[in-house]
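Let the sequences and hints guide you as you build the complete structure.
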Amino acid sequence: MMLTREQKLELYYYMRLTRSLEERLVNLYRQTKVIGGLFRSLGQEADAVGAAYALDKSKGDILSPLIRNLGAMLVRGAEPTEVIKQYMAKGDSPTKGKELNIHFGGIERGFVGQISHLGDMVPVMAGVTLAAKMRGEDRVGLVFVGDGATSTGAFHEGINFAAVQRCPLVVIVENNGYAYSTPVAKQTAAKSFVDKAIGYGIPGEQADGNDVLAVYDVTRRAVDRARRGEGVTLIELITYRRKGHAEHDNQSYVPEGEIDRWAAENDPIDRFMKVLRAEKVKASELTAIDDRVRTEIDTATDVADASPMPEPVEALRGVYANQANVPPLWFREDVSSAVDSHERASGWGTYDV
Amino acid sequence: MSARQGGGRTMSEVTYLEGIRQALFEEMERDPNVFCLGEDIGTYGGAFKVTDGLQAKFGASRVIDTPISEIAIVGAAAGAAHMGMRPVCEMQFMDFVSNAYDMLTNYVATARYRIGLGCPMVVRGPSGGYVRGGPFHSQNPEAAFFHTPGLKIVSPASASDAKGLMKAAIRDDDCVLFFEHKYLYRRIKEEMPAGDHVVPIGKARTAREGTDVSIITYSATLWKALEAAEIMQAEDGVSVEVIDLRTLLPMDDAAIVETVRKTNRVLIVHEDTRTGGIAGEITARINETCFEWLDAPVLRVTAADVPLPYSPPLEDYVLPQTSDIVRALRRIVAY
Numbered sequence: 049m050m051l052t053r054e055q056k057l058e059l060y061y062y063m064r065l066t067r068s069l070e071e072r073l074v075n076l077y078r079q080t081k082v083i084g085g086l087f088r089s090l091g092q093e094a095d096a097v098g099a100a101y102a103l104d105k106s107k108g109d110i111l112s113p114l115i116r117n118l119g120a121m122l123v124r125g126a127e128p129t130e131v132i133k134q135y136m137a138k139g140d141s142p143t144k145g146k147e148l149n150i151h152f153g154g155i156e157r158g159f160v161g162q163i164s165h166l167g168d169m170v171p172v173m174a175g176v177t178l179a180a181k182m183r184g185e186d187r188v189g190l191v192f193v194g195d196g197a198t199s200t201g202a203f204h205e206g207i208n209f210a211a212v213q214r215c216p217l218v219v220i221v222e223n224n225g226y227a228y229s230t231p232v233a234k235q236t237a238a239k240s241f242v243d244k245a246i247g248y249g250i251p252g253e254q255a256d257g258n259d260v261l262a263v264y265d266v267t268r269r270a271v272d273r274a275r276r277g278e279g280v281t282l283i284e285l286i287t288y289r290r291k292g293h294a295e296h297d298n299q300s301y302v303p304e305g306e307i308d309r310w311a312a313e314n315d316p317i318d319r320f321m322k323v324l325r326a327e328k329v330k331a332s333e334l335t336a337i338d339d340r341v342r343t344e345i346d347t348a349t350d351v352a353d354a355s356p357m358p359e360p361v362e363a364l365r366g367v368y369a370n371q372a373n374v375p376p377l378w379f380r381e382d383v384s385s386a387v388d389s390h391e392r393a394s395g396w397g398t399y400d401v
Numbered sequence: 578m579s580a581r582q583g584g585g586r587t588m589s590e591v592t593y594l595e596g597i598r599q600a601l602f603e604e605m606e607r608d609p610n611v612f613c614l615g616e617d618i619g620t621y622g623g624a625f626k627v628t629d630g631l632q633a634k635f636g637a638s639r640v641i642d643t644p645i646s647e648i649a650i651v652g653a654a655a656g657a658a659h660m661g662m663r664p665v666c667e668m669q670f671m672d673f674v675s676n677a678y679d680m681l682t683n684y685v686a687t688a689r690y691r692i693g694l695g696c697p698m699v700v701r702g703p704s705g706g707y708v709r710g711g712p713f714h715s716q717n718p719e720a721a722f723f724h725t726p727g728l729k730i731v732s733p734a735s736a737s738d739a740k741g742l743m744k745a746a747i748r749d750d751d752c753v754l755f756f757e758h759k760y761l762y763r764r765i766k767e768e769m770p771a772g773d774h775v776v777p778i779g780k781a782r783t784a785r786e787g788t789d790v791s792i793i794t795y796s797a798t799l800w801k802a803l804e805a806a807e808i809m810q811a812e813d814g815v816s817v818e819v820i821d822l823r824t825l826l827p828m829d830d831a832a833i834v835e836t837v838r839k840t841n842r843v844l845i846v847h848e849d850t851r852t853g854g855i856a857g858e859i860t861a862r863i864n865e866t867c868f869e870w871l872d873a874p875v876l877r878v879t880a881a882d883v884p885l886p887y888s889p890p891l892e893d894y895v896l897p898q899t900s901d902i903v904r905a906l907r908r909i910v911a912y
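Protein chains in written order, with the numbering used here: chain A, 49 to 401; chain B, 578 to 912.
Hints should not be assumed to be uniformly reliable.
Unchecked claim - From chain A, some residues computed to sit far from chain B (all C-beta separations above 10 Å):
1. Arg78
2. Gly196
3. Ser332
4. Leu334
5. Ala369
Claimed, not checked - Capping the alpha-carbon separation at 25 Å, the derived lysine-lysine pairs in DSS-like fashion look like this:
6. B:Lys634 <-> A:Lys234
7. A:Lys181 <-> A:Lys107
8. A:Lys234 <-> B:Lys839
For the record, the hints were derived by calculation from the structure and aren't laboratory data. Fair warning: this is a prediction, and the values are worked out from it, not measured in the lab. Glycine included, every Cβ here is placed at the ideal spot set by N, Cα and C.
Structure follows, in structure tokens:
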């Protein structure tokens, strides 16, 4: 279970890639090239990357990420180009412009695209892992939820079902302090989310979500338990959301100094760099990784930028398995586009337009 | 979007969003039983800021920030309503009302009929597309509830109706689902009638008088219908009447019959998907009540039967556009 030096550098690479890719997306957002909202995971890279790293690609493990788990998707093989294309609503993005941001993925890729309804992926992943169990496969599933999603009926039903069925599932509650503007104290009366494990009759573990090695260790233990047939584990990772719910959110509800304190004292990348330096990794090695990340993102940006927007009729394809496309409505026959230009509605109207 | 929206904004003009906010303020001031609950509605003032300032004015006990729990929000509202309270629930996006579908359709809609317990409550929130919100921040889920006896459904298109219908919804003795359109929130504004402005539930409005053909619509597509009516007048010399339903349940059958008898030609327009949408029901009612008054078949312009996609070319292809309405009107007129 000890990670090699190369593996640790790989963890660093994915954390840096996550942060730099999101910084690039912010630039693109400000250039109005990102369509719709932009969701950051600044300060949460360790929990996403460390947890996903504990899964085994060779065994077909499956991850269900949430909106702040870009890092986990990158670990599982999502490409920066795909992510940028998604945010730019391009026609050759993984979802062909149908779904937004990091809502993409498939079983064969080892990560499943989420929906916006929080908690819904818990029962879905209960089913994914139930199927693995029924077929005698060695697969393990991992589902991320936030502190907010634990308040949903879907979360409760899903984790209870998986616990009863002893599904090989790891449920990670990524406690970043806020669900949109709602602090944890208004989300639950429980002292900690890991306490909920008792009620489901499953083991629960809590870890420092900003310590990538601790995240890896705790997740790896749970993955191993699941693979041994010992069922579900609930993990609470303590971290902090340093940006708003989405880019438009000015975080007016956050007490003064809180964000600065986490940034100064508990940045997961800074902390991991100190660990690596203490283990005799040279500064130049880390700089070389940063350079590699920058080059990859530059290339990805150019590719995504040059990609075409989708053809309008793509909207009619893919609703059913046995139907190439839904026929156009009668008033759209021979009409390729019903508008001359496409309005860019920034921010879904969540602020003044 | 309309003459009302163009320049010449005066101090007394308010947006659609502000109209709703005013209604919430006024009703909470009028009746201490009125309270609001929902996700991020208090400290933050709501994702769209509809409830901005409410908690500062009325306190955290009457403007409640809830956990992410639509079932509990709606269910707790029903229970409080039984006790004489007047809860107003916010769904952060109406796409999330599906989480409370069981509570609304099984409990709230049937409570009066089964055991004589009323649920005087409002479930409100932003619906609708044209905003690049993708499949889960753009839905028009009204039809799912339209099929449920016991619920009322309101879907205003103008700022004054948004305010007046919200006040009526809060005062109504049954549960009203209040579908706000997020595209309209800050894009339309108008002078607000003075005083206690209440618009009765169940009454349609003639948004434009016409003689040759009628459009029956509601919510954001009203503005596209009015645009199309202008084009038909200017380019074809056709006089189009536009009926804004405002309330979907109970439906204003009298207003529908009246416009059919007047123009003898009808186009129904809605943003929701086609199959099982409100337009089908309106068509059936016209057939049953005034078939002999028709000079052409009733036609529909609606969204295509697909989940609503995110990318602008796709979304604009799926949703009804002004050019579609013009095309449909020309076919009806040529009949």
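Do the hints match the structure? See the list:
Chain B leaves Arg78 of chain A outside its interface by the beta-carbon criterion, the shortest separation being 17 Å against a cut-off of 10 Å. Chain B draws Gly196 of chain A into its interface by the beta-carbon criterion, the shortest separation being 4 Å against a cut-off of 10 Å. With a cut of 10 Å on Cβ distances, Ser332 of chain A stays outside the contact zone with chain B, its closest approach being about 42 Å. Residue-level check passed: Leu334 of chain A sits 37 Å from the nearest beta carbon of chain B, beyond 10 Å.
At roughly 14 Å, the least C-beta separation between Ala369 of chain A and chain B is larger than 10 Å, which holds for a residue marked as non-interface. Taking the CA atoms of Lys634 of chain B and Lys234 of chain A, the gap is about 20 Å. The hint holds against a cut of 25 Å. Distance hint between Lys181 of chain A and Lys107 of chain A is fulfilled; the C-alpha atoms sit about 13 Å from each other, no more than 25 Å. For the suggested pair Lys234 of chain A and Lys839 of chain B, the alpha carbons sit about 56 Å apart, so the restraint of at most 25 Å is broken.
The structure is inconsistent with the numbered hints 2 and 8, although it conforms to all the rest.
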